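There are 4 protein chains.
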Amino acid sequence: MFSKNKGHTDYDIMTLQHILDDIYTEIQPHIGKGKVADYIPALKRIDPTKFGLSVCTINGERASVGDASERFSIQSISKVFTLTMAMKIAQEALWKRVGREPSGNRFNSLVQLESENGIPRNPLINAGAHIITDILTSAYEHPKEAIVQFIRHVADTTTIDFDLEVAKSERETGNRNLAMGYFMKSFGNIHNQVRVVLDVYFHQCAIAMSCEELAQAFLYLAHDGILPSTGERVIAKEDTDRINALMLTCGMYDSVGDFAYRVGLPSKSGVGGGIVSIVPGEMVICVWSPGLSENGNSLAGTKALELFVQKTGKGIF
Amino acid sequence: MFSKNKGHTDYDIMTLQHILDDIYTEIQPHIGKGKVADYIPALKRIDPTKFGLSVCTINGERASVGDASERFSIQSISKVFTLTMAMKIAQEALWKRVGREPSGNRFNSLVQLESENGIPRNPLINAGAHIITDILTSAYEHPKEAIVQFIRHVADTTTIDFDLEVAKSERETGNRNLAMGYFMKSFGNIHNQVRVVLDVYFHQCAIAMSCEELAQAFLYLAHDGILPSTGERVIAKEDTDRINALMLTCGMYDSVGDFAYRVGLPSKSGVGGGIVSIVPGEMVICVWSPGLSENGNSLAGTKALELFVQKTGKGIF
Amino acid sequence: MFSKNKGHTDYDIMTLQHILDDIYTEIQPHIGKGKVADYIPALKRIDPTKFGLSVCTINGERASVGDASERFSIQSISKVFTLTMAMKIAQEALWKRVGREPSGNRFNSLVQLESENGIPRNPLINAGAHIITDILTSAYEHPKEAIVQFIRHVADTTTIDFDLEVAKSERETGNRNLAMGYFMKSFGNIHNQVRVVLDVYFHQCAIAMSCEELAQAFLYLAHDGILPSTGERVIAKEDTDRINALMLTCGMYDSVGDFAYRVGLPSKSGVGGGIVSIVPGEMVICVWSPGLSENGNSLAGTKALELFVQKTGKGIF
Amino acid sequence: MFSKNKGHTDYDIMTLQHILDDIYTEIQPHIGKGKVADYIPALKRIDPTKFGLSVCTINGERASVGDASERFSIQSISKVFTLTMAMKIAQEALWKRVGREPSGNRFNSLVQLESENGIPRNPLINAGAHIITDILTSAYEHPKEAIVQFIRHVADTTTIDFDLEVAKSERETGNRNLAMGYFMKSFGNIHNQVRVVLDVYFHQCAIAMSCEELAQAFLYLAHDGILPSTGERVIAKEDTDRINALMLTCGMYDSVGDFAYRVGLPSKSGVGGGIVSIVPGEMVICVWSPGLSENGNSLAGTKALELFVQKTGKGIF
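So the protein lines, in turn, are chains A, B, C and D.
Under our numbering, the first sequence has 76 at position 76, and the numbering climbs by one with no breaks.
Under our numbering, the second sequence has 251 at position 251, and the numbering climbs by one with no breaks.
Under our numbering, the third sequence has 131 at position 131, and the numbering climbs by one with no breaks.
Under our numbering, the fourth sequence has 122 at position 122, and the numbering climbs by one with no breaks.
No wet-lab data here; the hints were simulated from the structure.
Bear in mind that the values here come from a model prediction, so they are computed numbers and not experimental data.
Treat the hints with care, as some may be off.
For identical chains, the list gives no copy identity; a pair is met inside one copy or between any two copies.
As the list claims (entries may be wrong) - Straight-line distance between alpha carbons at most 30 Å, and here's what the computed DSBU-like set of lysine-lysine pairs gives:
1. K88 <-> K311
2. K237 <-> K311
3. K44 <-> K88
4. K311 <-> K33
5. K35 <-> K96
6. K50 <-> K88
7. K96 <-> K311
8. K50 <-> K96
9. K33 <-> K96
10. K88 <-> K35
11. K311 <-> K44
Make the full structure from the sequences, and use the hints.
Here's what the structure looks like:
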């Protein structure tokens, strides 16, 4: 087992690669289980047997197995990028428009919005992410471009882009998101036109990235807000801790408690089958497997992360 | 700032005492703010200006300020002790009777019980704690004595006991707890007589302990399940991580998200004004101040923990 | 078709008997359908093929078919008798403790009690009936006896009594009712001891009456509050209209709208399989058939009332 | 007091006029109380002291007081006209897409839609009315024109029309209605484009009519589905009873129970301050006064109807 020295990682990358290899072997019976998201054709036709796992340390070392270099639709994982951007823009004022409590409801529920006057529970459920996107829509002349530029920058990869077919499908099937948007607008909590905000939102969800790219892109959350490759500060140290706290308490739809119990790392999942997990002070792990649990989280992905924490002792608890 | 070496604490106790002294100075304007719990006379008449803070490391070093040696009613903090006991007894079967998700509702809400067939969201809200107490009531001939013996043992203090006046008042004003108990019994999820289970529950809430005693008693949660003083294993390493995860996601009533955002330590609060926080691998902090926020957590206590994490960098994120 | 002359009924009793005979023939395929209430043994063992139908006019004429003279457990139909008694005692003050709106929820739901501070939606759902029984418990030294005496009086039948086996079973399985009682007590809306109030409640539900006795007993609701046999005023004219209005909007559990749509008469059902319907100014109809719909109303009973209104044109709309 | 002879009204119109005159005197202290709907400018600037009351019998006799000939925005009263149209088109299939139970929630709540899979509780709340309008949008090439033509026909008045300023304002402030529409579309329960359906809906709400015109237009609901002036059948007798039943159980927002208790007539209100009430077999009463109660019903209008029923005994219970 590794010891836990924040800012001073002591494991060696060969050991890490061996661990991933072991996980890849043990995870085989879980691959293909669960249900691939089927609400849009572009997600439905993904090969359910895909599985990728990639680790990137703050020292820039990497280990990967499986389809870790194949891009997939990041979906709700994008909410962490846009939250980072919005926290820099709106600061504390952000928390007047969105809460920071777990929802206790499905990610796309409208019930709490009604009893809580259009203030979503947190920025990592759909309604909360709309507020975040609304803030970016107000702040940038070209918000879609601003988002993809930010992600290219933190991932240090210029080829990351929208999957326009996915974005189009999202828009065509996005009636519940439109319902949420208009509902919050009826409370005055969406400032721009609902259709404009949702166009940005549907695009951010449709960004395609690989496990390797995501593990690299989120290193700032494992490194006190700083990009390890360049030393550039992306976000304040305190805000890094806060985003990690939000991921732990709100990042896994309606199974944050179960996920914290089993894995114990700040994480964010997407219905494309990806999950990103942060080991503060050390590394980022990204897993991808399209089969989802009832709660919308990758089944084999969750299992792989559970194995990773068991084998490395890297849980935060 | 301290570095974070799990199992190898490197700070010195004099520094820790200085930090507590600084916190005690800074916290003064916050003491007495908020509302003392007033639903029973014995809690209502507590001096609202009380404030105690105590730290105990896994090496057995201690630092304290204020009223850290004065006993108060531990109330919901007792739920962590009983959960520990029940996890040893019921193992995985426990999770068929209680969930492990944040509730998204007030700690004493009955709404979710109805839509989720009498299965409480987690063992740290009232309804979930009733299930835990029901398990102990089935397991022990004298469950009240078993609970207080367990606490005396982990706290290494034989004088810890029930405040019988508080227990009596709890019972007399406990109509909502009775409602919850009978409601879960109507779903078959309470196995013993409701009045018997609640008598145990009201007693466990009425145990009186000081900050120093609580910090000592919970060291096993900072030390992989082992009592540092004797090396005795209280609970498995994995279950320790899980209890800490449950405390982080479910331990602070309806402000777990906000508390994780501001403090970022696995914690449990009680309406008596106490809060216990775990720094895994290092120490336990216990604070007491009777003035409560709207969500039922100690106001000055939360602030003190926020200062502690700021000054020491000991947050888990 | 009969014409509708309030206070001046113009049909002849032979015609009415022919109509009931026709209904009895047509209803045969419906008898035995649905699910007999099975939460207590005494109800569960009722022969599901029982069917009785009785009409009593304000002129004292009667017509009956089937098992109309056999007694069954009146269950929630008792709520109309106790409401009548409580309206005389508490007058307008009653409506501070219970609402008069349809609940939009199952008859034994606790959800609305929580969001509406322990004030039940109306006096014909369980929670509301507890408030009514609490009022009678405060008003009478022997509330159980007072209730049965009232019913004997309006039914002009001294042999009506509690089925003590049913009452005992109700108490033993009444955990959800206890939950409701303690929940409302926690809001201060039950004044007596919960167990005392519920003992009365379980007894009133366990009164056994026949269709003929119920049709006779409720004539005051068809006759402006006056017992037609003696001219004695039971309740004010306005209160009679109000009870009828409450029955129409709140009397059929969660299918008041559907029942008003299909039958269109102020009615109250019980899980024993009975339904009482009022034709203001003319008559009372009582039907009994133990097989229940999902909503807890007698299936064949509802169908029989639908046929009655089709054949006589006696709907109020 | 009048006697109640369905199909054979025996009062004289002079008496009726005297009663309205008396009501007009007694109602004066209530006029101007409550809150005029202020969500759109065109409603907000209505003179709050307006009051009109008109009665029209199935024999074509009329009596009126106050501003009974002044047109106002009929708003939700339009839902009864469109329901009549849709019942003729969709027959029983209609009830697969919308329920017929009181909602127990505010007229524009989204909560029940979520738990009941996009099936609104009844056709007289907003969400249900959207379904009805969707049916008309599918059935007619020019649904707006079809609706206004239907109303002109039953009211026998060719000048009835949309208030286009109101329709435009409704659209501009209609975010919650859009939210409901997209929410139901996400469940597949809106077949046309949401914006198209809501354009029709906002126009039907914006129709302007006077009390006299509304009392005349709804005579078919007091006359077994037949226009008394021409003998033309608008809708089947059974459907007439059913619409009246729906009005009684669902027509007054979240105070149907209270309204049935106080007034006891099938009625529909609108936020423009109008209320239409049916006395089956006899007459229609329409009242208008813009000041609304918390539940969105005209305050003075409800009081006037209560007085009318007290003075005439025309309640249905």
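Quick rundown of the hints versus the structure:
Taking CA atoms no more than 30 Å apart as the test, K88 paired with K311 passes between copies only; the shortest distance there is 23 Å, against 36 Å inside one copy. Both within a single protomer and between protomers do K237 and K311 lie at most 30 Å apart by alpha-carbon distance, with minima of 29 Å and 14 Å respectively. For a Cα distance limit of 30 Å, the shortest separation of K44 from K88 qualifies neither inside one copy, at 35 Å, nor across copies, at 41 Å. For the identical chains of this complex, K311 and K33 are intra-copy neighbours only, at 23 Å inside a copy versus 46 Å across copies, given an alpha-carbon limit of 30 Å.
For the identical chains of this complex, K35 and K96 are inter-copy neighbours only, at 24 Å across copies versus 37 Å inside a copy, given an alpha-carbon limit of 30 Å. In the homo-oligomer, the alpha carbons of K50 and K88 never lie at most 30 Å apart, since the shortest distance is 36 Å inside one protomer and 39 Å across protomers. For the identical chains of this complex, K96 and K311 are inter-copy neighbours only, at 27 Å across copies versus 41 Å inside a copy, given an alpha-carbon limit of 30 Å. For the homomeric pair K50 and K96, neither the shortest alpha-carbon distance inside one copy (41 Å) nor that between copies (32 Å) is at most 30 Å.
Taking identical chains as interchangeable, the C-alpha atoms of K33 and K96 lie at most 30 Å apart only when they sit on different chains, with a minimum of 23 Å there against 41 Å within one chain. Neither within a single protomer nor between protomers do K88 and K35 lie at most 30 Å apart by alpha-carbon distance, with minima of 37 Å and 35 Å respectively. In this assembly of identical chains, the alpha carbons of K311 and K44 never lie at most 30 Å apart, being 33 Å within a copy and 50 Å across copies at closest.
In this structure, the earlier hints numbered 3, 6, 8, 10 and 11 are contradicted, and the remaining ones agree with it.
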